[in-house]
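Asker: For the protein sequence lines, the chains are A and B, in the order given.
Numbering that gives the first Met the number 0 applies: residue 0 is where the first sequence begins, and numbers increase by one.
Numbering that gives the first Met the number 0 applies: residue 0 is where the second sequence begins, and numbers increase by one.
Hints in this document: simulated from the structure, not taken from any laboratory.
Just so we're clear, the structure is a prediction, and the values are computed from it rather than from any experiment.
All residues carry an ideal CB built from backbone N, CA and C; glycine is no exception.
The reader is advised that the hints may include incorrect statements.
Said to hold, decoys possible - Restraint ranges, calculated between C-beta atoms of paired labels, are given here:
1) Met62(A) <-> Gly127(B): 45 to 51 Å
2) Gln236(A) <-> Tyr92(B): 55 to 61 Å
3) Ala206(A) <-> Asp149(B): 24 to 30 Å
4) Tyr42(B) <-> Val267(A): 58 to 64 Å
5) Met62(A) <-> Tyr142(B): 17 to 23 Å
6) Tyr42(B) <-> Leu98(A): 48 to 54 Å
7) Tyr42(B) <-> Leu195(A): 31 to 37 Å
8) Val39(B) <-> Val267(A): 31 to 37 Å
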Amino acid sequence: MRPAFSVLFLTTLIGAGQGLLIAMVTGQIFVTLGGGPEVSGGFFAGGGLLALILLGLGLVASMFHLANPQRGWRAASRWRTSWLSREVILIPLLCGLVLLYALAHLLSLREVSLVLGLLSLLVCLALFVCTGMIYACVRFIRQWASAWTVVNYLMMGLASGFTLAAGYAGLAGSALAGFLTAAALALTLAALAARLTQLWLNARGTARSCMKTAIGTHHTQIRQITQGFMGQSFNTQEFFTPGGAEAIRGLTLLFILAGFVAPLGLIVLGVPVVAFVIQFVGLMAERWVFFAAGEHVQNLYYQAKA
Amino acid sequence: MPKKQLALVIDLNVCVGCHACVTSCKEWNTSGWAGPLSDVNPYGADPTGVFFNRVQTFECGTFPDTETIHFPKSCLHCEEPPCVPVCPTGASYKREADGIVLVDYDKCIGCKYCSWSCPYGAREFDPGQGVMKKCTLCVDRIYDMTLPEDRRKPACVLACPSSARIFGDINDPNSDTSKAIRDNGGFQLMPEWGTRPSNHYLPRRKTTMTVHRDELVRVDNPLKVEGELPRPAFTTPTIDGASSW
């Protein structure tokens, strides 16, 4: 599949935003339940607003993916069957909840903010599932069609969000910095493990369709002479990756290093803000590889020009 | 009786790969009320364009024992279309009345998600209008009462010089399409995905005859002589009344 930068930005930005918000809410729960150190409402409000900015930037990026964004509102209508429609509903809902969450903190309404925080936590998790399922339910790309896609969208969002939260807590001099840094380390490690698992599984998988079923001819050797045209078409542009296997290999190495290994080291070294910036670039590369490595079944019909 | 399901049956045994269906499809659908099928850079070095129908060519076997298969490919109007439920706006839909899968160009936002959910590569994005397009089974022709009845067929069917394309209701057991599927081993593409395509294909069929050795020798030749026949007597009557010699 050809990676679309609008979608790369959308998924990484809202992932980090949701992760940051979950970090704020879990931090608040940690403080409330665990009798942790006293943290000011302003810290949570700031984190919430930062998450809101990331979500908003993601929404802006998503608009660039639509050829007719003026009709974008229609995308909320098919929530019964389409994961994309469910995502379209949940993003603005989450933005609204986060705004209220930040406001409640600014107005020092502790109990209200906790309820709103728990609500937004649930919506965040649901949104992760929706985003992941958009890709996981595309049966015709075997590299995407597994639960690991959802797990990875969740884990990478959490990892980048908690890293950002750790950096923010460090800058704000919050007492939660230790808790958030430990969580960021654990989540980045877990995300790396999950992503490596999916890489390993995808390398071992086999395609379900072949030339035999594609054209219905029971012959052991079938090759395409021509796809029917000499130029390009939507089918040869949207479903094929620029750069090919070499670019995928190179960027896989890059995202493992920049998305996970380097941030782990930088968090340990005590510079989580730098870690977040590098991790974000690495996760953009990861999303690029995720798209590029997806081999669509329809490619069977587009193999040769003559 | 099951619901009406219009579809094409394409006979791979007859298709000669002339691309007449491709050009007539493009001509009809680019000239219609729904807007053109955009071409980008059509006369340049790297042209692209929207087509609803393509003829592809495949080769089976190893040279010199090969067989060439011309394979027309368009939307199969699946009975379980995976492209429809994923559409976030409802622009992509399957008509109750006749089973044609269509896109409402006024609702489509151009997110391309439906094209990901089609294993056959049947949907193409039109960069001119910013919407997804696909074969409509010439829905603007087949119900046009101003046309003579035998012309109310998809443009590709009318254009095919070898009658490799049959159009009809595959759920009506007496239609030409149903008979062709039944009698000639009609099959569906990629049945493993459970999409139940409505368009069927008829396989390549070979007509062969076995000639046995004894069929090459006359059994009513008592002398077992294949050469000159015995001469008639000198007096045997002849047609011209002259000599039989």
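Asker: Each hint should be assessed against the structure and marked as holding or not.
Answerer: Hint check results:
no.	hint	in the structure
1	Met62(A) <-> Gly127(B): 45 to 51 Å	violated, 20 Å
2	Gln236(A) <-> Tyr92(B): 55 to 61 Å	violated, 26 Å
3	Ala206(A) <-> Asp149(B): 24 to 30 Å	violated, 44 Å
4	Tyr42(B) <-> Val267(A): 58 to 64 Å	holds, 60 Å
5	Met62(A) <-> Tyr142(B): 17 to 23 Å	violated, 38 Å
6	Tyr42(B) <-> Leu98(A): 48 to 54 Å	holds, 53 Å
7	Tyr42(B) <-> Leu195(A): 31 to 37 Å	violated, 49 Å
8	Val39(B) <-> Val267(A): 31 to 37 Å	violated, 51 Å
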